[in-house]
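Novice: The task is simple: from the sequences and hints, build the whole structure.
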Amino acid sequence: MSLLERAQNIDRRWVYLLVWIFVLFPLLNPLGLPIPIGRDSTAWKDYIDAIPNDSTILVSMDYGVSGMPELYPMTVASMKHLWSITDAKNLKIVVIAFWNQGPLVFDTLLSQVDPEADYGMVYGEDWIELGWIPGSETGMAALANDIWAQKPNDYLYSRPLDEYPIMENIRVAEDIDLVVSFETGTPGLPEWLRQWNDPYGVPFIVGCIGVSVPGMAPYLSSGQLSALMPGLTASAEYEVLLNRPGLAVAGVDAVSMSHLLVFILVVVGNIAFFATGGSRRS
Amino acid sequence: MADLLPIWTSVFFTLAIYSFLYKENPWYRFAESVYAGVSVGYGVAFDLRYLRDQWGGQWSSSGTMMLLFGIAVLIGLLWYARFSKQYFFLYRWPLAIIVGTGIGMALRTVIFTQFLQQIRAQANMPLFVAGDMMQTINNILIAIMVPCVLLYFWFTGGTRESAGMQIVEKIARYTMMAGFGSAFGYTVLTRMSLLIGRSQYLLGITPNPPEARMAFYTIAAIMLITLIGYDLYKGRS
Chain A
1 MSLLERAQNI
11 DRRWVYLLVW
21 IFVLFPLLNP
31 LGLPIPIGRD
41 STAWKDYIDA
51 IPNDSTILVS
61 MDYGVSGMPE
71 LYPMTVASMK
81 HLWSITDAKN
91 LKIVVIAFWN
101 QGPLVFDTLL
111 SQVDPEADYG
121 MVYGEDWIEL
131 GWIPGSETGM
141 AALANDIWAQ
151 KPNDYLYSRP
161 LDEYPIMENI
171 RVAEDIDLVV
181 SFETGTPGLP
191 EWLRQWNDPY
201 GVPFIVGCIG
211 VSVPGMAPYL
221 SSGQLSALMP
231 GLTASAEYEV
241 LLNRPGLAVA
251 GVDAVSMSHL
261 LVFILVVVGN
271 IAFFATGGSR
281 RS
Chain B
1001 MADLLPIWTS
1011 VFFTLAIYSF
1021 LYKENPWYRF
1031 AESVYAGVSV
1041 GYGVAFDLRY
1051 LRDQWGGQWS
1061 SSGTMMLLFG
1071 IAVLIGLLWY
1081 ARFSKQYFFL
1091 YRWPLAIIVG
1101 TGIGMALRTV
1111 IFTQFLQQIR
1121 AQANMPLFVA
1131 GDMMQTINNI
1141 LIAIMVPCVL
1151 LYFWFTGGTR
1161 ESAGMQIVEK
1171 IARYTMMAGF
1181 GSAFGYTVLT
1191 RMSLLIGRSQ
1201 YLLGITPNPP
1211 EARMAFYTIA
1221 AIMLITLIGY
1231 DLYKGRS
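Going down the list, the sequences are from chains A and B.
When we follow my numbering, the leftmost residue of the first sequence carries the number 1, and every step to the right adds one.
When we follow my numbering, the leftmost residue of the second sequence carries the number 1001, and every step to the right adds one.
Just so you know, the hints here were simulated from the structure itself, not pulled from any lab data.
Since this is a predicted model, take the numbers as computed values, not measurements.
Warning: the hint list may mix true and false statements.
To be verified - Pair by pair, the computed Cβ-Cβ distance ranges are:
no., chain 1, residue 1, chain 2, residue 2, range
1, A, I271, B, Y1042, 43 to 49 Å
2, B, W1008, A, N53, 43 to 49 Å
3, B, A1143, A, V65, 39 to 45 Å
4, B, E1024, A, A88, 53 to 59 Å
5, A, V113, B, I1111, 39 to 45 Å
6, B, S1182, A, N270, 16 to 22 Å
7, B, E1161, A, N270, 31 to 37 Å
8, B, F1088, A, P52, 51 to 57 Å
9, B, I1222, A, L3, 32 to 38 Å
As the list claims (entries may be wrong) - Derived, one-sided and incomplete: chain B residues facing chain A with beta-carbon distance under 10 Å:
no., residue
10, N1025
11, Q1058
12, S1062
13, F1089
14, Q1200
We put the CB at the ideal spot given by N, CA and C, even for glycine.
Specialist: Shown next as structure tokens:
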């Protein structure tokens, strides 16, 4: 069997080993490849910077632990960004989740970022976490009608909402000025648009995993989505824009190297296929 | 020591799941079963917490509300009728309610958000954007490609074989192939990001705990030795 023929029947475990090498090497020895700033991350930052004073923002953690590698860095960066402007703009931030592992992810965030110590945020006055809401799209519709009925207690301390001043004037979808959703699938943006954007006109910005981006793009073009943060590379750009390098910046070299490997494998596979008369055989 | 336990556990389960890349093995089986059990337990705990909060909120406020809450819980319990051949038919009631409300909720606005708004956006899109050549090219391409792809899926009428339609079909095929290529690229990004995220944890890259790296090296070595050793032993016997 020639080398070209063997290249088409390579044991998949060698490919896995190569992927590990291409990922681990740049993580252990950062290459410092340049990170060009794209339009999406700039639009995301500008949108958050331009949030009007006295706005109420609903942050929805619509992903589980499996989505953390790609979405967690942008969630951390966005929450830090939001908390850093909360005092100056008198914002109110309400954190919810339509995926039941969403609160678990946010617990991880709170173990690494202390809103009170780092940003002077007072829980229950500047921000609050309401936790998971079941029912997917039906739950979204119910939340829009009556937030207090859907979540009578907060998530962190299980106390009734009337004990928290922040919730005094937050009762229905009309009280929310912006939804920031980080999501990996269903329920996600289409459900949000159907239950919150179209009936109540609430604007949306969404951070999503790369695989969802082609499905999100039409909503961005139509203006139903105000800004989109597509995947880990955009997160890295955003961290650079905020001058707060984090996990995304640390991982972007590995992203480049792993894509380079996939590119090489596709090219080698195609050369081997055509050079051995594969197209004639098929 | 107590601080290290969660880190070593996390590293062990990550590597046990990844060991499937080598081949099916007991480490993977164990991790898979534990993960399934833990995630179900987590889901049930959150469900019960939600029920408790709901009861403490509005539903315990009056006799009527309590009765309605009881009916809702009873309907929910009917899901379990699917495990009985005798009462299987009862399971169809909660299913019908879920499907009915779900479809009703979605259909209420789907025609506006995912159909009319998209058509309106397409119709309002300017072909020429002053001072932005790339956006102009993008808009022209969208104006050509979207109608072509829509026509590609028009399967009736006799004009499908005409010369004009052949050109339209070719443009549509190229458009879809570009779309599939873009989707594949983003899929690779997502899959690689998963591996990168876990690798960052295994290597203890900040803000992950640095102790994870030692756990990674130790557990990876043990797993590799046991997996390869087991294979060699089986081959010899």
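Novice: Take the hints in turn and mark each one as holding or not.
Specialist: Hint by hint, here is what the structure shows:
no., hint, verdict
1, A:I271 to B:Y1042: 43 to 49 Å, "48 Å, holds"
2, B:W1008 to A:N53: 43 to 49 Å, "48 Å, holds"
3, B:A1143 to A:V65: 39 to 45 Å, "42 Å, holds"
4, B:E1024 to A:A88: 53 to 59 Å, "56 Å, holds"
5, A:V113 to B:I1111: 39 to 45 Å, "42 Å, holds"
6, B:S1182 to A:N270: 16 to 22 Å, "19 Å, holds"
7, B:E1161 to A:N270: 31 to 37 Å, "33 Å, holds"
8, B:F1088 to A:P52: 51 to 57 Å, "55 Å, holds"
9, B:I1222 to A:L3: 32 to 38 Å, "36 Å, holds"
10, N1025, "13 Å, violated"
11, Q1058, "6 Å, holds"
12, S1062, "14 Å, violated"
13, F1089, "24 Å, violated"
14, Q1200, "6 Å, holds"
In this structure, the earlier hints numbered 10, 12, 13 are contradicted, and the remaining ones agree with it.
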